[in-house]
Amino acid sequence: MNRDEVIKNTKILILATLSGGYRGADMTGQGHLEYPPNTYILPVMTSAIFTPKFYIDAFEKGFDAITVMYSGTDSPYKGESERTAEIINETYEKMRELNLDLRRLRLAAICTVCVRPFLEEVERAEKLLEEIGPLPRPLARPKESIYQPIEERGDATYVNE
Amino acid sequence: MSTNNSHVDALVVGGGISGMQAALDLADQGYKVLLVERKSSIGGKMIDLSKVFPTLDCCSCITTPKMSATAHHDNITLMTYSEVEAISRNEDGFTVKILKKPRYVIEDSCTGCRSCELACPLEVPDDEHEFGRTSHRIIYVPFSTAVPQKAVLDIDHCLFCGKCMQACPSDAIDFTQQPEHLEYTARSIVLATGFETTPLDAKKEYGAGQFRNVISGMMMERLLAPTGPYGRVLRPSDGKMPASIAYVQCAGSRDQTLGVPYCSRVCCMYAIKQAMLLSGALPMAEITIYYMDIRTFGKGYEQFYQNAKAMGIEFLKGKVAKIREDENQNPIVRVELIDEYGKTRVTERQHDLVVLSVGMVPGYNPQGMYGVPIAEDGFVQLPDYNVFPAVTSQEGIFVTGTAAGPMDIVDSIMMAGAAAASAAAYLESKQKNGNRTPQNQSERSVEYA
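In order, the protein sequences belong to chains P and F.
The opening residue of the first sequence carries number 5 in the working numbering; numbering runs sequentially from there.
The opening residue of the second sequence carries number 243 in the working numbering; numbering runs sequentially from there.
Read the hints as simulated data drawn from the structure, not as lab findings.
All the pointers check out, no bait thrown in.
Straight-line distance between alpha carbons at most 20 Å, and here's what the computed DMTMM-like set of lysine to aspartate or glutamate pairs gives:
| # | chain 1 | residue 1 | chain 2 | residue 2 |
| --- | --- | --- | --- | --- |
| 1 | P | Lys82 | F | Asp270 |
| 2 | F | Lys339 | F | Glu422 |
| 3 | F | Lys343 | F | Glu422 |
| 4 | F | Lys559 | F | Asp497 |
| 5 | P | Lys57 | P | Glu86 |
| 6 | F | Lys446 | F | Asp497 |
| 7 | F | Lys561 | F | Asp581 |
| 8 | P | Lys82 | F | Glu349 |
| 9 | P | Lys82 | F | Asp350 |
| 10 | P | Lys57 | P | Glu97 |
| 11 | F | Lys446 | F | Glu567 |
| 12 | P | Lys82 | F | Asp316 |
Computed from a predicted model, the values in this text were never measured in an experiment.
Take these sequences, add in the hints, and give me the full structure.
What follows is the structure, encoded as structure tokens:
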């Protein structure tokens, strides 16, 4: 895919923590620097509250790449970085189970003034999607998977496992 | 009013970079540390700066990990928005009374989500971090990387409209919160009370703080910081991008009229650093530094100065006598310039913005409460500075950072190590002499290899 097709046909979700990535994104905007419009930035308090199911559901519902932008070990919340890393590792296991390219989910440390790293991360995701294209849906779930598609689950509530 | 009695090995007073480093150095050795900070977040002055000299590393990127490490360390108890009320000696060391000021937010419940801040209808100027150039809500988290990420309510300006209470998802707002009085026993004390800058209105010749386009070095730091009030460098009076910026060196140091006869050590370097950053932020701007002497004493500092000269920053030797304003609020600097042959001439030059390189003065006088004498310059007196640079004349009380005298960040961090080592040696000697309390011995959690 070329860049225009990527921008038109794919969606990139960015989970940006308020004390890290979201400030970086905010700084980028304040600096009048541009990045493609297929990025959906979701400000979150902490990245440690999202379960693997959240990421799988996000892929299921239409996102082709997800970048978690948090402040790493600089986080004001104790244990956030360790817990996020555990969750991402668990999610990678589920992604392997679903034959998803692991590069579609990425954890990046972005600080409050990280304008250039923010743009680099967005560019990296765009280039990845140019290479591997949008995610084929519905996801090829194995029958024994505990991760049932959303429509079969009957509700849209996300509960911690 | 409530009381509490706990034992700690060291009380660190002040949560700036030096206090945090001293606390971390002690805590890493297994000592229990209580860190008391009077503001609502640790980080001190350094968290407000843009970059550090001479490496031009991001200040926030250096300070934030230290803040997180301090807050998350198992051996450090962090008390923000608190002040030491009284100190008295006992057989274990010191009895410390601490006033915990009410945040009007239950700290254990607050998650730092800022819902209250978004719901609050009132704003007041942010004098603490932004010199009134921007505003914050009445209930607010001090800044994005504040540690702890807890809101604080400015009760003096609050309307008691209750919108924050309605917005808070964890019922953390408590208007009835009262000051708490806590009591600790500390075996040693490390003073890291920091510095303040010379007031902008101290020099009548430089406008006494009345000229809007005459600002201090710390204000320029905020303008240069990516998290600053405008997001770019604009002059305060009309929001214009300044095309000509002047630095007036020794505007609050080496000046007997201000009672500050000493050199503040950092002003030359921060002016050069800011000039270099301004060259990047405003490539077309002319930057002039009026100096008496340029003092580049540290590792890599002289090269930094030479680089600045090579970049086209104009260094003019001469003492600025007076600053006045024209009708467009442009500052006009009257200066006696000294050329390389020693000839002098008096001239007047107009600039868009003038930055006063204000100096350092003591942030706190510990003589009354701690009995630590101060020297002629107002900073803590060090009786044996050459041999024990962090040891005060009071047994068990140590000093670090700019509480001891003007110094830069590098020296503050080095002195924190020295203070922690001195405090640790003191605690060990007390232990050998049998003064260590059994409770503290069992609390010691360090594992020696």
